[in-house]
Amino acid sequence: MKKLQMDQTNLWAKEFVPVLVQAVAGKPLSKIERKALDELRNWDYVDRKDDAAPLIFHLWMKEIPKVLFRKDIPPQVDKLFEEKQIVVDELLRRAAKGDVSPHGLRKTADLPVCLRQRCIMSPTS
Numbered sequence: 001m002k003k004l005q006m007d008q009t010n011l012w013a014k015e016f017v018p019v020l021v022q023a024v025a026g027k028p029l030s031k032i033e034r035k036a037l038d039e040l041r042n043w044d045y046v047d048r049k050d051d052a053a054p055l056i057f058h059l060w061m062k063e064i065p066k067v068l069f070r071k072d073i074p075p076q077v078d079k080l081f082e083e084k085q086i087v088v089d090e091l092l093r094r095a096a097k098g099d100v101s102p103h104g105l106r107k108t109a110d111l112p113v114c115l116r117q118r119c120i121m122s123p124t125s
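Take the sequence shown: its position 119, counting from 1, is numbered 119 in the UniProt record's numbering, and each next residue is one higher.
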């Protein structure tokens with residue numbers, strides 16, 4: 001039981017890092033963006049306080065909802081949208097499967113665009 005309690009494996013990252021890395025693979029990236037992706041690619045999904053990859057992942061996932069919803073949800077309403085990460089996770093899952101429905105990202109190509117805006121990638125705005 002103690003081993004299970006002390007397990008620092010990040011299952012959230014295990015699910016989404018491959019999706020996020022694949023989404024920006026082959027895109028033109030700066031040196032620091034490539035380094036960040038290398039950190040994520042080489043990560044064993046264990047959250048260690050001295051590793052860069054967990055920090056990069058958590059910052060990325062924190063920024064994705066801001067990028068996805070900033071045009072469609074006013075700040076006053078956004079404050080009430082407490083469970084947005086659940087929605088973001090589902091949108092990422094659907095985008096990874098190529099879902100182009102109104103409930104998914106507008107198109108699969110939106111995912112790399114989203115990831116480059118205000119996430120670990122160089123800000124474009």
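Hints listed in this document are in silico derivations from the structure and should not be mistaken for laboratory results. Mixed in with the good hints there might be a few duds.
[Stated by the list, open to error] In silico DSSO-like links for lysine-lysine, alpha-carbon gap of 27 angstroms or less: (1) Lys62 to Lys97; (2) Lys84 to Lys66; (3) Lys35 to Lys14; (4) Lys14 to Lys66; (5) Lys66 to Lys27; (6) Lys14 to Lys97; (7) Lys79 to Lys35; (8) Lys62 to Lys14; (9) Lys27 to Lys62; (10) Lys49 to Lys31; (11) Lys66 to Lys97; (12) Lys97 to Lys49; (13) Lys62 to Lys79; (14) Lys84 to Lys49; (15) Lys27 to Lys14; (16) Lys31 to Lys66; (17) Lys27 to Lys79; (18) Lys49 to Lys35; (19) Lys79 to Lys31; (20) Lys31 to Lys14; (21) Lys14 to Lys84; (22) Lys71 to Lys84; (23) Lys66 to Lys79; (24) Lys31 to Lys62; (25) Lys66 to Lys49; (26) Lys62 to Lys49; (27) Lys84 to Lys62; (28) Lys97 to Lys84; (29) Lys35 to Lys62; (30) Lys49 to Lys71.
Note that this is a predicted model, so its numbers are computed, not measured.
Consistency of the hints with the structure:
1. At roughly 22 angstroms between alpha-carbon atoms, Lys62 and Lys97 fall within 27 angstroms of each other, so this suggested pair holds.
2. Between the alpha carbons of Lys84 and Lys66 the distance comes to roughly 10 angstroms, so the proposed pair stays at or under 27 angstroms and holds.
3. For a cut-off of 27 angstroms, the pair hint linking Lys35 to Lys14 stands: about 19 angstroms separates their Cα positions.
4. Taken as a hint, the Lys14 and Lys66 pair is honoured in the structure, with Cα atoms around 22 angstroms apart against an allowance of 27 angstroms.
5. This hinted pair checks out: Lys66 and Lys27 have alpha carbons roughly 22 angstroms apart, not beyond 27 angstroms.
6. A hinted pair counts as satisfied when its Cα atoms are at most 27 angstroms apart, and Lys14 with Lys97 qualifies at roughly 17 angstroms.
7. With a CA separation close to 34 angstroms, the supplied pair Lys79 and Lys35 exceeds the 27 angstroms bound.
8. Under the criterion of a C-alpha separation no larger than 27 angstroms, the hint pairing Lys62 with Lys14 is consistent with the structure, at around 16 angstroms.
9. Taken as a hint, the Lys27 and Lys62 pair is honoured in the structure, with Cα atoms around 22 angstroms apart against an allowance of 27 angstroms.
10. Restraint check for Lys49 and Lys31: the C-alpha separation of about 24 angstroms stays at or below 27 angstroms, so the hint holds.
11. Straight-line distance between C-alpha atoms of Lys66 and Lys97 comes to about 22 angstroms, which keeps the hinted pair within the 27 angstroms bound.
12. Distance restraint check for Lys97 and Lys49: the Cα-Cα separation of roughly 32 angstroms exceeds the 27 angstroms cut-off, and the hinted pair is therefore not satisfied.
13. Using a Cα cut-off of 27 angstroms, the hinted pair Lys62 and Lys79 holds, with the two alpha carbons roughly 15 angstroms apart.
14. For a cut-off of 27 angstroms, the pair hint linking Lys84 to Lys49 stands: about 26 angstroms separates their Cα positions.
15. With a C-alpha separation of about 22 angstroms, the suggested pairing of Lys27 with Lys14 holds against the 27 angstroms cut-off.
16. Using a Cα cut-off of 27 angstroms, the hinted pair Lys31 and Lys66 holds, with the two alpha carbons roughly 24 angstroms apart.
17. For the hint pairing Lys27 with Lys79, the CA-to-CA distance comes to about 33 angstroms; that exceeds 27 angstroms, so the pair is violated.
18. The hinted pair formed by Lys49 and Lys35 meets the criterion: a straight-line CA distance of about 18 angstroms does not exceed 27 angstroms.
19. Restraint check for Lys79 and Lys31: not satisfied, since their Cα atoms lie roughly 35 angstroms apart, outside the 27 angstroms limit.
20. Between the alpha carbons of Lys31 and Lys14 the distance comes to roughly 24 angstroms, so the proposed pair stays at or under 27 angstroms and holds.
21. Using a Cα cut-off of 27 angstroms, the hinted pair Lys14 and Lys84 holds, with the two alpha carbons roughly 20 angstroms apart.
22. For the given pair, Lys71 sits about 15 angstroms from Lys84 by alpha-carbon distance, which is consistent with the 27 angstroms threshold.
23. Straight-line distance between C-alpha atoms of Lys66 and Lys79 comes to about 11 angstroms, which keeps the hinted pair within the 27 angstroms bound.
24. A C-alpha spacing of about 22 angstroms is found between Lys31 and Lys62, which places the hinted pair at or below 27 angstroms, so the restraint holds.
25. At most 27 angstroms may separate the alpha-carbon atoms for a hinted pair to count; Lys66 and Lys49 meet this at roughly 25 angstroms.
26. Our distance criterion of 27 angstroms between C-alpha atoms is met by Lys62 and Lys49, whose separation comes to about 18 angstroms.
27. Proximity of Lys84 to Lys62 is assessed by CA-CA distance (about 10 angstroms); at most 27 angstroms being required, the pair is judged to hold.
28. For the suggested pair Lys97 and Lys84, the alpha carbons sit about 20 angstroms apart, so the restraint of at most 27 angstroms is met.
29. For a cut-off of 27 angstroms, the pair hint linking Lys35 to Lys62 stands: about 20 angstroms separates their Cα positions.
30. Restraint check: the Cα-Cα separation between Lys49 and Lys71 comes to about 34 angstroms, which exceeds 27 angstroms; the hinted pair is violated.
The structure fails hints 7, 12, 17, 19, 30 (numbered hints given earlier, in ascending order).
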